[in-house]
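Q: The chain contents come next:
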Amino acid sequence: MTIHSPPKDWFKWPHGHERLWIGLALVWCLIMFAMMPYWHFNGKQNSTGESYAVEPDAFVERVEQFTAANKVGEDPASGIPIVEPPPGGDAYLLGRMWSWTPTLKLRQGETYRLHISSADLQHGFSLQPMNMNFQVLPGYDHVLTLTPTTTGEFTIVCNEFCGIGHHAMIGKIIVE
Amino acid sequence: MASITAMSGPRTRKCDTTGLPVCLDAEFFVKMNAVSAVVFLLLGGIAALTLALTRWPAVHLLDSTWFYRMLTFHGVNMLIFWILFMEMAILYFAGTTLLKTKLFSPKLAWAGFGLMISGAVMTDYIILMGQADVMLTSYLPLVAHPLFYLGIILFAVGALVNIFNFFATVYVAWKNKTYGETMPLVAFGAVTAAIIAVVALLHGAVALVPTLTFAMGWTAEPDPMWYRLIWWGLGHQSQQVNVVAMVSVWYLMSHLTSGGVVLNEFVSRGAFVLYILFINLASAHHLLVDPGVGATWKIWNTSYAMYLAVLASLIHGFTVPAGLEAGMRLKGYTKGLFGWLWNAPWKNPGFSGFFLSLVIFGFIGGITGVTLGTQQINITAHNTLRIPGHFHATVVGGTSLAFMGLTYYVVPLLFRREYSFKWLARLQPYVFAVGIVLMSLGMSFAGSAGVARRTWDIDAAGIYGATSHLMLGVLGIGGTLAFIGLLIYVLLTVHAVLFGQKNHGRAMDDWGTPKDIAPAEGDTEARELLEHGKAPGTMVLVLVLLACFVVYYFANWKALADLWHVR
Ligand SMILES: [Cu+2]
Numbered sequence: 034m035t036i037h038s039p040p041k042d043w044f045k046w047p048h049g050h051e052r053l054w055i056g057l058a059l060v061w062c063l064i065m066f067a068m069m070p071y072w073h074f075n076g077k078q079n080s081t082g083e084s085y086a087v088e089p090d091a092f093v094e095r096v097e098q099f100t101a102a103n104k105v106g107e108d109p110a111s112g113i114p115i116v117e118p119p120p121g122g123d124a125y126l127l128g129r130m131w132s133w134t135p136t137l138k139l140r141q142g143e144t145y146r147l148h149i150s151s152a153d154l155q156h157g158f159s160l161q162p163m164n165m166n167f168q169v170l171p172g173y174d175h176v177l178t179l180t181p182t183t184t185g186e187f188t189i190v191c192n193e194f195c196g197i198g199h200h201a202m203i204g205k206i207i208v209e
Numbered sequence: 007m008a009s010i011t012a013m014s015g016p017r018t019r020k021c022d023t024t025g026l027p028v029c030l031d032a033e034f035f036v037k038m039n040a041v042s043a044v045v046f047l048l049l050g051g052i053a054a055l056t057l058a059l060t061r062w063p064a065v066h067l068l069d070s071t072w073f074y075r076m077l078t079f080h081g082v083n084m085l086i087f088w089i090l091f092m093e094m095a096i097l098y099f100a101g102t103t104l105l106k107t108k109l110f111s112p113k114l115a116w117a118g119f120g121l122m123i124s125g126a127v128m129t130d131y132i133i134l135m136g137q138a139d140v141m142l143t144s145y146l147p148l149v150a151h152p153l154f155y156l157g158i159i160l161f162a163v164g165a166l167v168n169i170f171n172f173f174a175t176v177y178v179a180w181k182n183k184t185y186g187e188t189m190p191l192v193a194f195g196a197v198t199a200a201i202i203a204v205v206a207l208l209h210g211a212v213a214l215v216p217t218l219t220f221a222m223g224w225t226a227e228p229d230p231m232w233y234r235l236i237w238w239g240l241g242h243q244s245q246q247v248n249v250v251a252m253v254s255v256w257y258l259m260s261h262l263t264s265g266g267v268v269l270n271e272f273v274s275r276g277a278f279v280l281y282i283l284f285i286n287l288a289s290a291h292h293l294l295v296d297p298g299v300g301a302t303w304k305i306w307n308t309s310y311a312m313y314l315a316v317l318a319s320l321i322h323g324f325t326v327p328a329g330l331e332a333g334m335r336l337k338g339y340t341k342g343l344f345g346w347l348w349n350a351p352w353k354n355p356g357f358s359g360f361f362l363s364l365v366i367f368g369f370i371g372g373i374t375g376v377t378l379g380t381q382q383i384n385i386t387a388h389n390t391l392r393i394p395g396h397f398h399a400t401v402v403g404g405t406s407l408a409f410m411g412l413t414y415y416v417v418p419l420l421f422r423r424e425y426s427f428k429w430l431a432r433l434q435p436y437v438f439a440v441g442i443v444l445m446s447l448g449m450s451f452a453g454s455a456g457v458a459r460r461t462w463d464i465d466a467a468g469i470y471g472a473t474s475h476l477m478l479g480v481l482g483i484g485g486t487l488a489f490i491g492l493l494i495y496v497l498l499t500v501h502a503v504l505f506g507q508k509n510h511g512r513a514m515d516d517w518g519t520p521k522d523i524a525p526a527e528g529d530t531e532a533r534e535l536l537e538h539g540k541a542p543g544t545m546v547l548v549l550v551l552l553a554c555f556v557v558y559y560f561a562n563w564k565a566l567a568d569l570w571h572v573r
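Quick mapping for you: the protein sequence lines, in order, are chains F and S. The first sequence begins at 34 in our numbering and counts up by one. The second sequence begins at 7 in our numbering and counts up by one.
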């Protein structure tokens, strides 16, 4: 049958179990369809993709200004500055081969506009152990409007391949 | 009577098993493409073993450089070379034998094959020379040696030449009505796959040609976001070609191994058409956490496109086993809900390859794919090991396993050689399937614990605990087992092609086809079920699938709700 031509009168509407299953499957697809707009308006976790064009050099400069203005300390081991952005304000994070700077110090329950971009290749912002993941592209200022709901020390892992030292591209976010 | 003249003469033979006419020119190119496919499968498989043994933390085989090199090599050889060469073989078979016609042009087939082989060799060489450690996706601004892109472009052009040859063959058959009024379903599926392949390969050209000229230093760098968008028009859709080819193989193997029928030609064909219409937009689900594309774009393209294509897969997920159930019931295996299933030829590697492929694709690959491809849920999965956990269940447990099952019929029917060590062949699909399922689950659970894909080492981060390490161990063991299954398949097949016993002039050895035990006048109960569109056993199976789907889907929303708030 499957490898031979069907008889001339092969057209018929689905019936029986087949029609039942197509109906069920269609309803399920529509439910899944509805879930995304529903969550967009009522859920708290969305990826809206807000972003602005930015030259990599210009972004590096912004990160440096942001760091200079809000620096509260330095990681003794790595020398990476620890920066505390104003609650409700803008925060900046730069990905480059193979580090994330600066270390951000945030407050639980406060909302920040976190600007992330890359100075060189594509990187992956992967917040652990939260397991929240976003793509980072050079030339794109990716803005996440972020509200930490838990406290502790969180690690940023790079999860987009960016060369030989990719696995060691680790950053930090501290939430108090 | 064009059909009869078209199919007589010295360049054809009649298949001793199926009675179908075989065009000898087409047969030659089926062989060439299938053999190439198996060679690249072996290359990609060896790379896979080294990768699995590196991500297994207790072994950690390769150094960092060679891990990324092998990862690039593995992706390119498996997802492009193995799969596409096999698909070319399927097109040449479906376009001629199933349509009872001759190959349109052996010259074009040579040209296509030559381009594909030289492209593949060029790309593999440049990767192994360490000039293209960029992964399959080669995301800009990461740049490879120009020959990397040129090789892939030549390969794609070769594939397009073959596809043109296929369409010309189909056109001649259609004009001469060689196959009667309506094209057989499996050939219809092959046409669907070919149409999607053209769209996919054109996207590949649009993404890779400017990247090649950039790598040569002739033009400016293409925008990295633009590249991602267009590249996934190739990357995603070529996976859809695999799905369509795999579903066509399911229909084919269901019939060849067990006498499966088509419940409703309109439904099965309509589901194929849904793929053509809606799959393109589904490439959006690779960009769900990207900057540069907005929420509306993401939601619309994810749902509108995916869910009608998902519907198509859900339909095939019913019609394939239901056709098998009906065929088996017509043969007299009517006991209870599942008598047809227990009596299916489980020792026939053509059957087990096909049916395990169906189950793994549906229950693991399909459910995870749709869930992870949901716009917001993707936040918890993007670039983690959950992604390869998903697609190894679709492309490897699904497509590759179905192609392996197919091979156990291709070699006796077209190479006209029998397999030796038949007991080992009967075991092979199970070894491979268990390995892939273990590996896929290990990846998925490690990914849920936050372990990234495409990462040589997880210990530098210092945050991954015992669960992650254990799951990566499962990945390693599963990958090793799958490699053993792959190796058995390659060795048995190469042995059969070179040294297998010839079966000219007789039907191929029976792998085990269920005997017709229905009374001489046929089983009335089975016929009545079929007439009323009923497949009770299959209905139960798909309801179980739907229940698993719903639970997994909403469990993922639940997990998402615990995360930090983000817009
Ligand atoms: Cu990185």
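The hints are simulated quantities; they were obtained by calculation from the structure and are not laboratory data. Errors might be hidden in some of the hints.
Unchecked claim - Not everything, but these chain S residues come out facing chain F in the computed CB check (under 8 angstroms): (1) Leu48; (2) Ile52; (3) Ile321; (4) Ala328; (5) Val376; (6) Ser426; (7) Arg460; (8) Ala466; (9) Val546; (10) Val548.
Claimed, not checked - With a Cα cut of at most 25 angstroms, we get these calculated DSS-like pairs of lysine-lysine: (11) S:Lys37 - S:Lys341; (12) F:Lys45 - S:Lys183; (13) F:Lys41 - S:Lys181; (14) S:Lys183 - F:Lys41.
Glycine included, C-beta positions come from ideal geometry on N, C-alpha and C.
Q: Would you mind marking each hint as holding or not holding in the structure?
A: Hints, verified against the model:
Annotation: interface hint on Leu48 (chain S) violated; nearest CB of chain F at approximately 25 angstroms, more than 8 angstroms. Here the hint on Ile52 (chain S) is broken, as its CB sits about 21 angstroms from the closest CB of chain F, past 8 angstroms. Evaluation of the Ile321 (chain S) hint against chain F yields a held restraint, the C-beta minimum of about 6 angstroms falling below 8 angstroms. Hint status for Ala328 (chain S) relative to chain F: holds, with the closest Cβ pair at about 7 angstroms, below 8 angstroms.
Because the closest C-beta pair between Val376 (chain S) and chain F is about 7 angstroms apart, less than 8 angstroms, the hint holds. This hint is violated: Ser426 (chain S) has a C-beta 27 angstroms from the nearest C-beta of chain F, more than the 8 angstroms allowed. Interface restraint check for Arg460 (chain S): the shortest CB-CB distance to chain F comes to about 4 angstroms, inside 8 angstroms, so the restraint holds. The interface hint given for Ala466 (chain S) holds, since its Cβ lies 5 angstroms from the closest Cβ of chain F, which is under the 8 angstroms cut-off.
Taking 8 angstroms as the C-beta cut-off, the interface hint given for Val546 (chain S) is violated, the closest approach to chain F being about 10 angstroms. Interface restraint check: Val548 (chain S) against chain F, minimum CB-CB distance 6 angstroms, threshold 8 angstroms, status holds. The suggested pairing of Lys37 (chain S) with Lys341 (chain S) is violated, with an alpha-carbon distance near 41 angstroms, which exceeds 25 angstroms. Simply put, Lys45 (chain F) and Lys183 (chain S) have alpha-carbon atoms about 23 angstroms apart, close enough for the 25 angstroms limit, and the pair holds.
Simply put, Lys41 (chain F) and Lys181 (chain S) have alpha-carbon atoms about 17 angstroms apart, close enough for the 25 angstroms limit, and the pair holds. Annotation: proposed proximity of Lys183 (chain S) to Lys41 (chain F) holds, straight-line Cα distance about 13 angstroms (limit 25 angstroms).
Of the numbered hints stated above, those contradicted by the structure are hints 1, 2, 6, 9 and 11, listed in ascending order.
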